[in-house]
Amino acid sequence: MTSFDTIIIGAGHNGVVAAGFLAKSGRKVLVLEAADTAGGGARTVEFAPGFRASGLAHVVNRLHPQVMSSLKLDRTLFEGEAVPTLALDAQRGPAVLHGGYGETLEGVSETEAGAFAAMRKKLLLQAGVLKSFLTRKPPRPGDIGLGDALQLGLTGLSLLRHGRQEARDFARMLLMNVADIADEYLTDDRLKGLIAFDATLGIHLGPRSPTSLLGLFYRLTGEVLGQAGGQYLPKGGMGTLARALETAAIAAGARLRFSSPVAQILTEKGSAIGVVLKNGEELRATEVVSAIHPVTTLQTFLPAGEIDTGLSRSLRHIRSKGNVAKLHLALDRVPVFTGVSLKDQRGRLVIAPSVDHVENAFNPAKYGAFSADPVMEITLPSMGDLSLAPPGACVLSALVQYAPYDLKEGWENGKPRFLETILSTIERYAPDIRSSIVAAELLVPPDIEARYRLPGGHWHHGELQADQLLINRPTFALSGYETPVEGLYLCSAGSHPGGGLSGVPGMNAARHIIAASKARSRR
Amino acid sequence: MKIYDAIIIGGGHNGLVTAGYLQRAGLETVVVEKNPWVGGAATSRELTPGFLYSNCSYVCSLFRPEIMRDLELPKHGLQIISYEGGAVFTRDGDYLASYRDHDAHRREFARYSARDAESYERYARDVTRQCRFIQPLLMRTAPDPFSCKPRDIGELLYLAKKFGEFSPAEMAATLRFWTMSIADFLDEYFETDVIKAYLALSGIIGTALGPMSPGTAYVLLHHYMGEVDGSVGAWGYARGGMGAVTKALASSFLAAGGVIRTGSEVDKVIVEGGRAVGIALANGDEVRARMVVSNADVKRTFLKLVEPKELPEPFLHRVKHFKMRGSSGKVNIALDSLPEFPALPEGSQCMRGDMHFTDSIERMERAYDDWKAGRWSADPFLDMMIPTTLDPTMAPAGKHFMSCFVQYCPPKVEGRDWTDADRDAFAETVIKQISDYSPGFRDRIIHMEVRTPREIEQEVGLTEGNIFQGELTFDQLLFNRPVPGYAQYRSPIQGLYICGSSTHPGGGVMGAPGRNAAAEILRDLDRSRSHMSAAHDVL
Amino acid sequence: MTLDLATRKAAQPHFHTLLLESPFHERLAALDKTNDWYGWAGHKAPHALDDEELEYFAIRSTAAVFDISPMTKYRITGPGAVAFLDRLTVRNVAKLGINRVHYTAWCDDHGHVLDDGTLFRLGESEFRLCCQERHLPWLLDSAEGFAVDIREETGEVAGLALQGPTSYAILKEAGFAGVEALKPFQIGGFAHEGCTVTISRTGFTGDLGYELFVPRALALSLWDRLFEAGKFLGIRAIGYTALNRARIEAGFIVANADFMTAETALRGNRLRLPDEIGLDWMIDLEKPNFNGRRAIMAARAGKTLKHILVGMEIDGNVPPEHALVYHNKRREVGIVTAAIWSPLAKRNIAIASLERPYGERIQDGLWVEIYALRELQYQKLMKRARIVPRPFVTLARRSANPPGLF
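Protein chains in written order, with the UniProt record's numbering: chain A, 1 to 523; chain B, 1 to 539; chain C, 1 to 406.
No lab work stands behind these hints: they were computed from the structure. Computed from a predicted model, the values in this text were never measured in an experiment. One thing to keep in mind: the hints can contain errors.
[To be verified] What the simulated footprint calls covered on chain B by chain C, stretch by stretch (three residues with Cβ under 8 angstroms from a Cβ of chain C suffice, anywhere in the stretch; the number is not a length): (1) 93-103; (2) 125-139; (3) 342-348.
No residue lacks a Cβ here, since even glycine has one placed at the ideal position from N, Cα and C.
The whole structure should be built from the sequences, with the hints applied where relevant.
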């Protein structure tokens, strides 16, 4: 039996980031991964011979600067410039957003550009205030420390610094829906549809649902290379980033073991003492850090009764059923999107022609049906990285919603129908695309669940909605990365601040674990 | 020309509450009402001989008992009668009843699920805990978190102290509760569709949201905070219809020496030197006063009655974007005889309360989808009652008045104005739904009054027919209602106040906005408020 | 799971009857002279059938029969039953022998007591849990991951408590051969009308006594068998008022009278950890995790226990029911939750909930303020209170083996 200081379950990006930070603190760290490579949802997969794409996430837009600097990640990972976002419209042509979330706009009227700039300024200012909460452990009510109070005070001050009006707007807008904001500022349906889509992507809400603006705030708290709202497609797909993180963790001294699925977390008198692998092997450690879904961690890996009934009730109430499908198309030639320049096709192409489109796409998802007219973001990663597809061919990667995990008719029936629906939607924007399809892979949430061991197939490991944020993420008793089981910690996207390729939950958890053990040894 | 101390624009219940308090503080007050009667949306009119309708609002339990006491409303005829039961009819021919008796209530739920029957206790406890936190805030002016004024800071500290009475876990639960949808909230307690549908209805009534919209759990609270004579969460009828509430308010106001001018539509608020000094009526008359208080909604007040030049642009901008989309309609029916509901067994008291036909959250949400698309719901949610089963004063003996609140009903039909044909088709949807559960219902109808948001706006003056004078979403609650920085019943114009449901704590026949507005006005005048009860203690 | 239409429709007329009748109602009603019924968990139950003083003395000098059918009862079976109950309750169920009963309690995650009750081990993996409140959702949710079946059987099982010095004699006379072998907290099965009556040597009076459970259909014949046998042994049916006096003497607590159960309490500061209501002795921290274990340990370690439940003896003879408790006649430190004049101890006794350190480190200087309403005038009394151990009264016959005949 081998013994470690820290065992990390899951080599998804948060697990590897946590491993890097914890190994740097001098711990002997072992990362256990069920798959044969690191990265989790951030792997690059070959979905058809010669065609590779980012497995799940396909755009980098929030990798945290502290993660990059602490793990000494190379900025050249994102060589070249940020890619634009295109709000497609089959008739009018696209509205193009350049720079960090539309620093400059192309293809819209001057008045509209001005309106968008005003909205963008307001949203970025507010997101800037929220940003400071990302890297802090959410404060425990009743146990608010000086640091927390200071943080709140500073937030208040930073708001008031911009004037009373801004502060009031912040308090008013925080829980608003994105549709009302779109209506208040914008008139161009393409832009309105785009922000409606961006606010709701990966979240079971429609743009008219109250609180849906939070999704957009969350997006805008992200930054890459110092650019808020910037986005990049890494060369070689997301696997490149995963490998870079893995290399950094190994450099810091962590060990990774692949094809080693965990079966159980070992406990003794309410403390975690190690894990048992599926093959029966026992590994001991003083700390077990789980980078997988909190529900799997506590409900599946712990013996029955190890956590109290109230907590298992709250775990059951965590809403964590995915709504997004991932589409990979192998194309024998580069598709032509009407009105989109070849250069812009390197960007993020969004099909969400209006707020109503997004809302109407959402409606059926409430009742367990997929969108009849889905909305989606498309990337063509091989446009910027020829290595991803055979010469002259092209890879299309798309996130499509809404595709509810629990499809009433069953996904076996539904999947071919949904694929057809998606393709005919794309066809409206790229008319000749169908004849160029060599292979297609559609991953609906149950597929994502199976492939990435992600319960519900939800990449945030739990809905990113107001009632599942901060001290309620993943649930109150588990906020702050700790669990009732001593020595067992959580560091996945299911913990504060949430999902996306940020590395922040992993970093925050690691920092918390290091600080907590220092505090213990001082006592 | 006579100069009053105060003019109240609009004789709705909040206007009359403000008027009552001001007059009792010694201010010479005049209420100016467009219609030939007072009452706003709390009226009882005889539209067919012998029948009194509760034309718009139809139940009474939110109305604050402190106000009833202060303005001596019982002396002026106000009496509230509690429901005896209620039911949701299910499509399979059964029903889910609500009974006042605790054990009967539990056994009724247990007919569907023993687990749900017991979970209800925990649910009721959790919701009551939330009510106990919120209820004292109804009768307080919402503090402005950014004013840095001592009074606002004091109020914020009071709020923090109240919140601090929760345990950490309860604080976390409170944050969840405020931001959840009623559907998600109920999923945490119940497994039975009809039970969830029955409990969800309070989360959507009057709002332009569906049960799956975040924030509707809070709306539930808004409807739960009512009480009938100390019985919290109970619902009741005003004896004589909802007009009895405003009749009593008017009578109390007149008895205190106030003046009411009905049939006087206000055209403009007269502003001189940045100060409201009176009103100009549509007929050309002017009434002068030292202040003007508007019971009209925030849009009508500032976009129609006040010249834009008198208002700062950011304020106007916010008012324009204040959300008050109508979402409900009303069908009032005079019945020749008591309808029969074959699903109900002999001796059931369910007809002496609220009745519904929406037996699942999904049907409720789909009804909302229709509204989002600009249509009235094809399968609407009805809050239906027959007050005459408990109040014989509203119809001739043996005959009945039925009130149907209908959700959802949009302010415009697919973007265009309502037509009479639309209105009739809307009513037919309602009659059809009732007839599905009550054979022969159609033949009992003597007379019918149909109100879509168009009719509600035309008669009552509620912009877009929104019965709450503004939606109850986070961005329009507390210090955000109606406009951040102007949530304390004052406006950018000196001497012009607002006292309707557009202000904190919002809609429903509650009277709290009117009462709080009066308190702020008297504070500005440095007058005694000793005739105003503080909010009753929540022990 | 939602029940089917036919079952639901059959249950529709329930609203005609607000309080259900117990399986023994026919017999109770025949003996009842006072018509003084109250609602107990949705059932009609007597405060007293006759003179409550005489009913109390039946407990202490002959034998009293109290109908416990309305008590909530759950049947818990399955191979995972022991592990489940160990997770649910604070006592060690593995240590509870077959055919034994123990008094126990269960808590939520915060260690707050949800209820107390008695757990009957009827077989290797067969249990009955009796308690005051209903807990089906909590039991079902706690059972996740355990091979166990949980069913409420309140309506199917009739229960009687037979308490008092002649209770054994009555059972013997009734022909329950072998009942003398039952030691306190032991269970036995005995033949009755071709079925089994489960008899346990348990009770809520601190006296010699038994509790009998039979299928509902046999309720009346069991009653008749006992009353026939007890004809000359002073058997008497009693109501709750008499029982309540006996239980206070015995120092037993009642949920929602001496403490608020966690799922009923609206106000956060009314919740209680086991240590705060005198149940600390039953907690087994050595067994695997149970609900509330971590919270209880944290409260003990962090010294955050706020309350304590104590027995008190009060000067004078006026029972200080719900009186305030003061320290040095000035500082309010708690409330009396139950109080009576004890005929057996000839003392004024009380159970009180105090705020620590009063009742814990500070035991002296306690007073109770009594408002005695006498002919429309309060007589205010300040009486000295001394903390005394519970039970207030210990009767040797309660635990004598073999049990005595009188």
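Results for each hint:
1. 93-103: Holds: 6 residues of the stretch 93-103 of chain B have a Cβ under 8 angstroms from chain C.
2. 125-139: holds (count 4)
3. 342-348: holds (count 3)
In the structure shown, no violation is registered for any of the earlier numbered hints.
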